[in-house]
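Model the full assembly from the supplied sequences, consistent with the hints where possible.
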Amino acid sequence: MINFSRRDFLKTITNSLFAIAGITGVSGLIRFLSYQFDAAPPTEFDIGPAVNYPPGSRTVLANIPAVIINDEAGLRAVSLVCTHLGCTIGEDLQGFACPCHGSRFDPNGRMVKGPAAKSLEKLRIEETPEGTLRVYTAQAGAT
Numbered sequence: 043m044i045n046f047s048r049r050d051f052l053k054t055i056t057n058s059l060f061a062i063a064g065i066t067g068v069s070g071l072i073r074f075l076s077y078q079f080d081a082a083p084p085t086e087f088d089i090g091p092a093v094n095y096p097p098g099s100r101t102v103l104a105n106i107p108a109v110i111i112n113d114e115a116g117l118r119a120v121s122l123v124c125t126h127l128g129c130t131i132g133e134d135l136q137g138f139a140c141p142c143h144g145s146r147f148d149p150n151g152r153m154v155k156g157p158a159a160k161s162l163e164k165l166r167i168e169e170t171p172e173g174t175l176r177v178y179t180a181q182a183g184a185t
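Residues 43 to 185 (the numbering used here) make up the sequence shown, in order.
Bear in mind the hints are in silico, worked out from the structure with no lab data behind them.
These numbers come from a predicted model, not from an experiment.
Check before you lean on any hint, since a few could be wrong.
Unchecked claim - Just the calculated beta-carbon pair ranges, DEER-fashion:
#1 LYS155 to ALA92: 30 to 36 Å
#2 VAL102 to LYS160: 18 to 24 Å
#3 GLY132 to LYS160: 47 to 53 Å
Built from N, CA and C at the ideal position, the CB exists for glycine as well.
Written out as structure tokens, the structure is:
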């Protein structure tokens, strides 16, 4: 049988605890450094043919979120992301309202009541050679 002195026993236990703490720390660091970021959200959306949006129509597309407006000014898209803090806004009788902080926008996306300081963002919309419409939500694609 091996005889450990009290000092040797405490030294072995201390070294073992330091080793466990070191291994735990290194494994946490490896996990942190190997984190897989979520893919960037899409910025291009195919919304189908233009005939789906007849003159005089206002179509809310919740998956973008945007509203497609086809009026006398032509076909256009307006973002449904509040310019205040980025909440998704909803349509109501007077236009659009932000459920987070009460900002209000008219049916064309112009700011009516704050705290939002500016109107809703206009999104670029294009017709592809195949005849479908595509909406671009990226800042660089906005007009």
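Structure-based check of all given hints:
1. LYS155 to ALA92: 30 to 36 Å: 33 Å, holds
2. VAL102 to LYS160: 18 to 24 Å: 21 Å, holds
3. GLY132 to LYS160: 47 to 53 Å: 19 Å, violated
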